[in-house]
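Asks: As you go down the protein sequences, you meet chains A and B in turn.
Numbering-wise (my numbering), the first sequence opens with residue 1 and increments by one.
Numbering-wise (my numbering), the second sequence opens with residue 1 and increments by one.
Quick caveat, the hints were computed from the structure, so don't treat them as lab data.
Mixed in with the good hints, there may be bad ones.
When the alpha-carbon atoms are kept at most 30 Å apart in a straight line, the in silico DSSO-like pairs for lysine-lysine are as follows [unchecked claim]:
id, chain 1, residue 1, chain 2, residue 2
1, B, Lys196, A, Lys26
2, B, Lys196, A, Lys242
3, B, Lys142, A, Lys196
4, B, Lys196, A, Lys140
5, B, Lys101, A, Lys196
6, A, Lys213, B, Lys151
7, A, Lys213, B, Lys117
8, B, Lys3, A, Lys151
9, B, Lys139, A, Lys196
10, B, Lys3, B, Lys37
11, B, Lys47, A, Lys37
12, A, Lys213, B, Lys47
13, A, Lys196, B, Lys242
14, A, Lys37, B, Lys224
15, A, Lys242, B, Lys228
16, A, Lys254, B, Lys242
17, B, Lys101, A, Lys228
18, B, Lys117, A, Lys228
19, A, Lys196, B, Lys140
2 protein chains.
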Amino acid sequence: MIKKITLIGAGNVATHIGVALMNAGKEILQVYSRTSKSASELADKLKCPYTTDLENILPGSDLYIISVADSAISKTVNEFPLDDVLVAHTSGSTDLDVLLKNNLRPAVFYPLQTFSKNVEVNFDQIPLFLETFYEEDMKKLKAFAGEISSKVYSINSQQRLILHISAVFACNFTNHMFYIAEDILNQHQLDFNILKPLIRETVRKAELSGPYKAQTGPAVRNDKSTLKLHSEILSSFGDYQKFYNFISDSIISKHNQKHKYKK
Amino acid sequence: MIKKITLIGAGNVATHIGVALMNAGKEILQVYSRTSKSASELADKLKCPYTTDLENILPGSDLYIISVADSAISKTVNEFPLDDVLVAHTSGSTDLDVLLKNNLRPAVFYPLQTFSKNVEVNFDQIPLFLETFYEEDMKKLKAFAGEISSKVYSINSQQRLILHISAVFACNFTNHMFYIAEDILNQHQLDFNILKPLIRETVRKAELSGPYKAQTGPAVRNDKSTLKLHSEILSSFGDYQKFYNFISDSIISKHNQKHKYKK
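Full structure from sequences and hints, please.
Replies: This is how it looks when you write it as structure tokens:
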């Protein structure tokens, strides 16, 4: 059973995982971060010791969670001082194999969520995607994950990468659409708040009927005069005109394509 | 006071408005649609007579709501048989002036929402954007709109067009991002449902902190190796690779731009 955990990294993801583990009654043995500021901040929060030197990582944890920038995972593993321990990274787009070093027992603990500093999350509703190199580790990791979330899945590195890419569309790119909408409104002294009921309904309908059926607006209606008018107005908004034409064209082609299949 | 309403058009918007008005105790005097099928369907729902001939539009309504395709509004007004009556169209991108004919009293009644057939909405939460040509009509229309929604605003045609364009980004384009995410997942036997908690959190955070602060992911971190990996994987997904690069570049440039301003 996984009871003691060490957190390697002290960013958004490490912090949110650490808090969730503490709330679930787990013991955080130690926190590591390169900078003493972030290491001490998270250690304070989790009431545990910290180090800024990988060499001082303590033995004795049931699980070492590496939650650093993707580009730093490999270096972190190379300098990791212990062997034959269970080590999980939290990255969507990094292969499990990167942890195949020093007789480590490699694992992945990938929470599919958008984490921001100072924005609390309900961890129980966050899907956790697990992978292990050794079968016996999966049982332990599943039981552990089940203690902090009710949505636990086992998938391989290739599926996780696909999942991460789809999440970039559904979360980061969606959020960028909100940003552009806000920017356009603000340039005309209109408030983003007036879009909130529309945004909520957009999500509700996509969940209810699926996004294909839920689509509305000038592009799916192929309403050429409105598309042209909008595009003209956006010519003074830098790359937003390109955005508008590009995404509208994609909606038109996806829907015409499917209509063809239906015939 | 506006009590009797005639609906010109029987599509999604007309239907949802008609049902909301009926539920608010208004009398629907008549429904018009070009085709008897859609005219009779809506008339059945609203328990009122219908016509498929604009010449047979009855006098005596306090408000005639024209809710047809944008491209058909002008033709509809030209063939409208009455004068000196209050006539409102429901279009986001059509100028009020299109109704300046036959001594009509022009108005706009624009509900900012995504309407689909058979998906019920709570009209009270839908923002309604009003415009009138004559000042005395605004009072009437505001009181009327206030009976079916708690969010009533008065804006001009130019602001309404901007609002509509921003809504295309926040709703239609957002929904298209969901569609692409679903398509990518389905091509790898993964289910769109696993993204739902992420999507809900994305919206919650955008509302809480604003979309600029809420942004996360490889683009805003300028995580070049992940961006490159995702883009490579998407090369087998048709135009999704272009999408990925285009939107990621926009996120990077918007955030770098703002960082520059902050210095």
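Asks: Checking one constraint from the list: CA of Lys254 (chain A) to CA of Lys242 (chain B), max 30 Å. Satisfied?
Replies: Given pair Lys254 (chain A), Lys242 (chain B) holds - Cα atoms ~15 Å apart, limit 30 Å.
Asks: Can you confirm whether the C-alpha distance between Lys47 (chain B) and Lys37 (chain A) stays at or below 30 Å?
Replies: 69 Å, violated
Asks: Would you check the hint for Lys139 (chain B) and Lys196 (chain A), treating anything up to 30 Å between C-alpha atoms as holding?
Replies: 26 Å, holds
Asks: Holds or violated: are the alpha carbons of Lys196 (chain A) and Lys140 (chain B) at most 30 Å from each other?
Replies: 27 Å, holds
Asks: Is the straight-line distance between the alpha-carbon of Lys3 (chain B) and that of Lys37 (chain B) 30 Å or less?
Replies: 26 Å, holds
Asks: Going straight from one Cα to the other, do Lys196 (chain A) and Lys242 (chain B) come out at no more than 30 Å?
Replies: 29 Å, holds
Asks: For the pair supplied as a hint, Lys196 (chain B) and Lys140 (chain A), is the alpha-carbon distance within the 30 Å limit?
Replies: 27 Å, holds
Asks: With a cut-off of 30 Å on the C-alpha distance, tell me whether Lys213 (chain A) and Lys47 (chain B) pass.
Replies: 29 Å, holds
Asks: Could you grab the alpha-carbon distance between Lys213 (chain A) and Lys151 (chain B) and see if it respects the 30 Å cut-off?
Replies: 27 Å, holds
Asks: Lys196 (chain B) and Lys26 (chain A) were given as a pair; does the straight-line alpha-carbon distance stay at or below 30 Å?
Replies: 28 Å, holds
Asks: Is Lys101 (chain B) close enough to Lys228 (chain A), meaning Cα to Cα at most 30 Å?
Replies: 25 Å, holds
Asks: Could you grab the alpha-carbon distance between Lys196 (chain B) and Lys242 (chain A) and see if it respects the 30 Å cut-off?
Replies: Given pair Lys196 (chain B), Lys242 (chain A) holds - Cα atoms ~29 Å apart, limit 30 Å.
Comparing the model with each numbered hint stated earlier shows that hints 5, 8 and 11 do not hold.
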